[in-house]
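Listed in order, the protein sequences are those of chains A and B. When the count follows our numbering, it moves up by one through the first sequence with no breaks and lands on 68 for the last residue. When the count follows our numbering, it moves up by one through the second sequence with no breaks and lands on 518 for the last residue.
Think of the hints as simulated: they come from the structure by calculation, not from any bench. We put the CB at the ideal spot given by N, CA and C, even for glycine. Check before you lean on any hint, since a few could be wrong.
To be verified - Quick list of simulated restraints, FRET-style, between CB atoms:
1) B:V102 - A:F53: 27 to 35 Å
2) A:F53 - B:F113: 53 to 61 Å
3) A:G6 - B:Q46: 47 to 55 Å
4) A:V46 - B:V94: 28 to 36 Å
Said to hold, decoys possible - Just so you have them, the derived chain A footprint on chain B, three or more residues with Cβ under 8 Å:
5) 22-33
6) 36-42
7) 78-85
8) 464-478
As the list claims (entries may be wrong) - Sample of chain A residues lacking proximity to chain B, with all beta carbon distances greater than 12 Å (derived):
9) M1
10) P2
11) Q3
12) L4
13) I5
14) G6
15) I11
16) V19
17) V21
18) I23
19) P24
20) L30
21) G33
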Amino acid sequence: MPQLIGAIIVIYLVILFIVYVVIPVAGGLLAVGLALLASVAIAGFVSGVFVGFKNFFDVLIEAHRKLP
Amino acid sequence: MRFFEPQPAHLVYAFDGGWRVMAYVRANVFSRTNAAARTWFTWGEQWAAKVKAQDNVVLKYWHGCLAAGCYLGGASHYVGAMALVSGFTLLQFVFLVMWASVAGLSMVLLAAFNIARSSYYRIFFRCPTCYAHMRIPIFVCPRCATDHSRLWPSVYGIFYHRCKGCNSGLPALDLLGRRKLIRKCVACARPLNKEVGQLINVHIPVIGGPSTGKSNFIFMATRELINSYAGPRGYSTEFPDEGDRVEYTRNLVELGSGRVLQKTPDITPQAYNLALKRPRERLGRIIYIYDAAGEAYSTEDNTVLQKYYDYVDGLIFVIDPMSIELYRRAHLKEVESLRNQLRPSALGVMEAYGRMITVLEASVGLRPGRKFRHPIAVLISKVDALDLEEKIGKTAAGRVMTEDPSLHLEEDAIHMLVQEFLQEHEMGNLVRDLYLQFEHVHFFSCSALGRMPENEAAGPFHPVRVLEPITWILGTLGVIDAVKERCRVIDSKDWAMARSKGLFGAVTSYYWNSLRPR
């Protein structure tokens, strides 16, 4: 019986370790990765919109200047 | 005539530039976006390379995330560009289609209005030199002298065309100032005067053999029309062509000095234009008077060159009494002794008349049983010579009017006398044929010079009755109010005559007896 209780406590401690240490650390690492991905993608999108607008208006003005 | 011809002008944005801009934007926005997106893909490739080289799982994962972020960022460049180009293309398409539709509709409406107006009022562009009929003349750009053959509402502009030569705007409508531009004939490229195509056309050829006195008649009649008819009635007259004005002035100086005009050399004459406008009338008339040399009627070949018969509205047929065979034979001695002054026409009256009818039939066309609707004034010229004034002039007219009180006007008496004169001189077939062929015929007698042209010392020429034929023909065509005036004169004479019969007699005579056919 005392051996069973000891095993349960160990399992409990392992679970506690996994829940409070492993998962948060792994989640944190994953979240940092996703945040990096998202921020770079957003930066790319913003740059894309800016470049798109700039190119569009440049081309539009150029077209009206070049064409009769 | 083709309605569309490529012009040295820029097409309207909705028919050309707008679509080219759309294609240019589509082609160039993506190529430029591609360069920026490539940078992001390169960064992505660099991070991806680090993923492979890295042993640490966490760093591997983070580098992978960074690589994916760069790829997504690069792809979003295309998405952004595509969204912008699609939005622009859609808006531009809708805008251009709407613009083109409105422009097309305006073009159709304006063209229909112009065609209907010119057909209704008979306003046409006809060259006074080569007689070409054109829907639109060539307009010359005032800055770079480029020719524009279709300066009207079209794909080159509804209201203005932009000249390719100098980029200046040319008005495509008369209302906007097109009439001020220099215009040229499409066939002979000669400049057209400012009133051609602006006023209602009236074409009157003066026909007759050589030396019948056509030119003298035309200039004297024009002078009388301007000074004695138009002036007192408040009509405005103008020579739209400076050349015509100069010729008119020069010829009047000649005639005023007692010198006869030089013989007309042109077999195919340039029309002599006179613009005439009644008071308060919105649209005036432009009269084209054709003075072909008498030789134009000497041969069939020359006569068929008179292409202006296609448009003719009225005719003036001039007869030299000395060309009437019987009259010439009867006065052979006098005619021979005065040959230099009289200058009798060598062409027979019936020959000239026959050729005129041939051309008229070929040009106008005539259905069987129908008459020509053109009024024809037949006038015997040179009545100052020999004893003609006594026979068909004022004196004879006075006598006839006394005998027949129903003839109120000298003009009507002369009309009768001239017919009798022609019949007496074996020209009855001409009189009959004229009545058979034409709906409106009137006979006149006149002398353009008023006296024999023996010497200059005798002073200026004073024409006799040259105004009547021209006012009759213009009145019949509705150009001037001569018919109304004539009715008023006859009516006032009728009323004066009726009043002399007392009240009952006046009423019976004026209102009842006048209904009886004469």
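Against the structure, the hints:
1. B:V102 - A:F53: 27 to 35 Å: With Cβ atoms ~30 Å apart, the hint holds.
2. A:F53 - B:F113: 53 to 61 Å: Check failed, 46 Å falls outside 53 to 61 Å.
3. A:G6 - B:Q46: 47 to 55 Å: This hint holds: roughly 53 Å between Cβ atoms.
4. A:V46 - B:V94: 28 to 36 Å: holds, 29 Å
5. 22-33: holds (count 6)
6. 36-42: The restraint on the segment 36-42 of chain B holds, since 3 of its residues have a Cβ under 8 Å from chain A and three suffice.
7. 78-85: holds (count 7)
8. 464-478: Since three or more residues must qualify, the claim that chain A covers the segment 464-478 of chain B is violated, with 0 doing so at under 8 Å.
9. M1: At roughly 42 Å from the nearest Cβ of chain B, M1 of chain A sits farther out than 12 Å, so the non-interface label holds.
10. P2: Per Cβ check, P2 of chain A is outside 12 Å of chain B; nearest 40 Å; holds.
11. Q3: holds, 37 Å
12. L4: holds, 37 Å
13. I5: holds, 37 Å
14. G6: holds, 34 Å
15. I11: holds, 27 Å
16. V19: holds, 20 Å
17. V21: Its Cβ never comes within 12 Å of chain B, the nearest being 15 Å, so this holds.
18. I23: holds, 15 Å
19. P24: Non-interface label on P24 of chain A holds, nearest chain B Cβ at 14 Å vs cutoff 12 Å.
20. L30: violated, 8 Å
21. G33: Given a closest Cβ separation of 4 Å, the condition is violated.
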